[in-house]
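Since chain A is already given, all that's left is putting chain B on it; use the hints.
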Amino acid sequence: MQFLRLPLKYRLLIPLIVVLLAVLIYPLIFSFWVSLHDYRLTALHEVQFVGLANYIGLSGKMSYWNALRNTLIFVFLAVGLQTIIGFGLALLLHRPSRFRNFFRAVLLTPMFITPIAVGLMFRFMLNLQVGVLPYLLDKVGVTIDWFSPRLALFSIILIDVWQWTPFMLLLLLAGLESLPVEPFEAARVDGASAWSTFWKVTLPLMRPVLIMALIIRMLDAFKVFEYIYAITQGGPGERTETILWHIYKVGFRFFRMSEAASMAYVLVLVTLVLVVALYYNMKRGEYRP
Amino acid sequence: MNIYRRRRQLCSIVITFISLAALVAVLFPYFWIFLTSFKPPGLVSRPDVWFFVPSFYNWEDVIVRGGTIRYIFNSIIVGMVTVAISLSVGSLAGYSFSRFNTGGGGARFSILAAKMLPPAVLIIPLFLLMYELALLDTLIAIIAAHLTFILPLVTWFLIGFFDEIPRELEEQAMVDGATHFQAFYKVILPNILPGLGGAGIFAFVLSWNDMYYAMLLAGGDSKTIPVAIAGYWTFRGIEMGKMAVAMVAAITPVLVASFFVQKHLVKGLGGGGLKY
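Quick note, the sequences are listed as chains A and B, same order.
When we follow the working numbering, the leftmost residue of the first sequence carries the number -16, and every step to the right adds one.
When we follow the working numbering, the leftmost residue of the second sequence carries the number 2, and every step to the right adds one.
A portion of the hints provided could be inaccurate.
[Stated by the list, open to error] With a Cα cut of at most 30 Å, we get these calculated DSSO-like pairs of lysine-lysine:
| hint | chain 1 | residue 1 | chain 2 | residue 2 |
| --- | --- | --- | --- | --- |
| 1 | B | K264 | A | K206 |
| 2 | A | K206 | A | K266 |
| 3 | A | K183 | A | K44 |
| 4 | B | K187 | A | K206 |
| 5 | A | K232 | A | K206 |
| 6 | A | K266 | B | K264 |
| 7 | A | K183 | A | K266 |
| 8 | A | K232 | B | K116 |
| 9 | A | K232 | B | K264 |
| 10 | B | K187 | B | K116 |
| 11 | B | K187 | B | K264 |
| 12 | A | K(-8) | A | K266 |
| 13 | A | K44 | A | K232 |
| 14 | B | K187 | A | K(-8) |
| 15 | A | K(-8) | B | K116 |
| 16 | B | K116 | B | K264 |
[Claimed, not checked] Facing chain A, from chain B, some residues (calculated, C-beta under 10 Å):
| hint | residue |
| --- | --- |
| 17 | I19 |
| 18 | S56 |
| 19 | A231 |
| 20 | W234 |
| 21 | Q263 |
Source of the hints: derived by calculation from the structure; they are not laboratory data.
Note that the coordinates shown come from a computational prediction; the quantities given were computed from them, not determined experimentally.
We treat Cβ as the ideally placed atom computed from N, Cα and C, and that holds for glycine.
Isolated chain A, as found in the complex:
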C-alpha cells in the first residue's frame, strides 16, 4: 500500500496511467517495434530485426506516394472549402434572426452521424443508375458521373464538406460570439464598410479560433477512411487511395504488417507537428487580452 502515501495529485492519475499504459502506450511501443522488424503473421518464429529498412523502403513505393498525394489534395481542398463555407454561414447565422437557433441546431447535425452511413448514403444518392441526384440533374439536362476516375476524389471531398462544414460552423460561430464589441463599434463610428470591417477587424480578431479550427479539422481529415471504404475502396485504379486506406490495405489485406506500421509512424510524425502547432496556438489564445 506504498502508493497511498503519494500526494493526492499523483494518486488521482493512477487509473489514467494504468488504462493508457494498457491500451495506448504499450501498443504504441509494440507498433514501433513491429516497424523495425520483418514481422509476418505466417512466420512469427522467425521475426528478424531489419532496422530502418521498412522506412527506407517506403521511398521507392509508388502507391505510398500516390496515397500521400491524394491525402494532401483531400485535406487541403476539403478543409479549405469547409473553412470558406463555414465562415460564410457563421457570419450569416451570427446576425439575430427569428429562426437562428433552429437553423443552427439543424445545420450542425451532419457532424454527429457515423461516417460510414454518410458514405453509403451518398454512394446511393449519387449513383448514376439509381441515385436521386443524377436523376434530378438529368431533368435539367446535366449528366455527371460522380464516381468516374476524374471526379471520384472530388466527390469524396464534397461528401466530407457535407459532413464536416458544421464543425467549422460550430467553432467559428462560437468564436464570433466571444469577440469583444468595442472594435466593431469603433469601426462603425469611423464609417467603415461591411467589407473592410470584415477584413480589418473580424478576420484579425478571429485568427486564433480560425487557426485552432483549421488544425483540428486537418488532423481529422488525415484520418479519412470510411468514405473510401464505403464508396470506392481506393479505386478507380488507385485514384482515391488515401493514407489510412493504404495502410489498411497493406496491413490487413496483404498482411505486410511491418510496412504498414512504418507508414503509420510517418503519419504520427505529421500529426505531432500539427498538434504542437495547435497547442501553441491555444496557449497564446488563452492569454489574449
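Chain B in isolation, oriented as in the chain A frame:
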C-alpha cells in the same frame, strides 16, 4: 435613403436564400434515406418515384428477422462501458491536471496528442494483441480500442470544465472539515455535472459512430451498428432498402443527442477558451 432600403431588402433576400439552400442540403439526404426505408423492394432503385404506398417490409426484415437489434445492443454496451470508464478515470485525472497543474503544460499536451493519434498506428498492435489474448471479435476488444481516443478526449474536455470552477469552492469545503478528496467528489463534481453529462453523451456518440476499430477487431457476432450498416451494401436494390432502415436506426438517436451536446462541445474543444 431609398437605395439603402432596397439594398437592405436585397441583402435579406440573399441571406434567406442561402439559409434555405443550406437547410435543404443538410435535410434532403435524411429525407431521402427515410423515404427509401419505407419503399417496397421493387421501388428502392427508382429515383423517380417519390409517392407510394409505404411498406414496412424493410423494417420488418431488418428489425425482426435480421440481427440489427443485437448489433444496436452491442453498440450500446460498448458505448456505455467506454463512457463509464472514461468519465470516472478522466474526471480524477482531469481534476489533478487542472487543480494541481500536474506535469505542467507537457502533460496537457500529451493528452491532446494522444487524442489526435491516427488510428492506423494503434490498430496493428491492438489487432495482434487481441489475437494473442483470443479476444478478437469480442466487445472487450472494441472497448479497449475506443478507450484509446475517447479517454484522452474526455480528460481534455474535463480539464477545461474544472479550470472554470473557482478554487474558493473546495477551499470552503475543506475549511468546513472535508478532506481534499471529499471536497472533490462532494462539491466539485456536482458543480461540473452538466459538463460531465455533455462530455459523456459526446463520448457515447463517438463510440457509437466508430467503424474503423470495430470492423477490424470484431467483424463477426460482436459487430456494432456501423459495421452492420457497411455489411448491407451489395448493390442489389433490395439490400439498399434494408441498409436505409439500419441507417435510420443508427442516425436517429445520435441526432437527438446532438441537440444536447452542441453547447458543451465548443467549451470542451476550446479547452475553456471559447464560449457558446
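Exercise. Which of the numbered hints above does this structure break?
Worked result: 3, 4, 9 and 18
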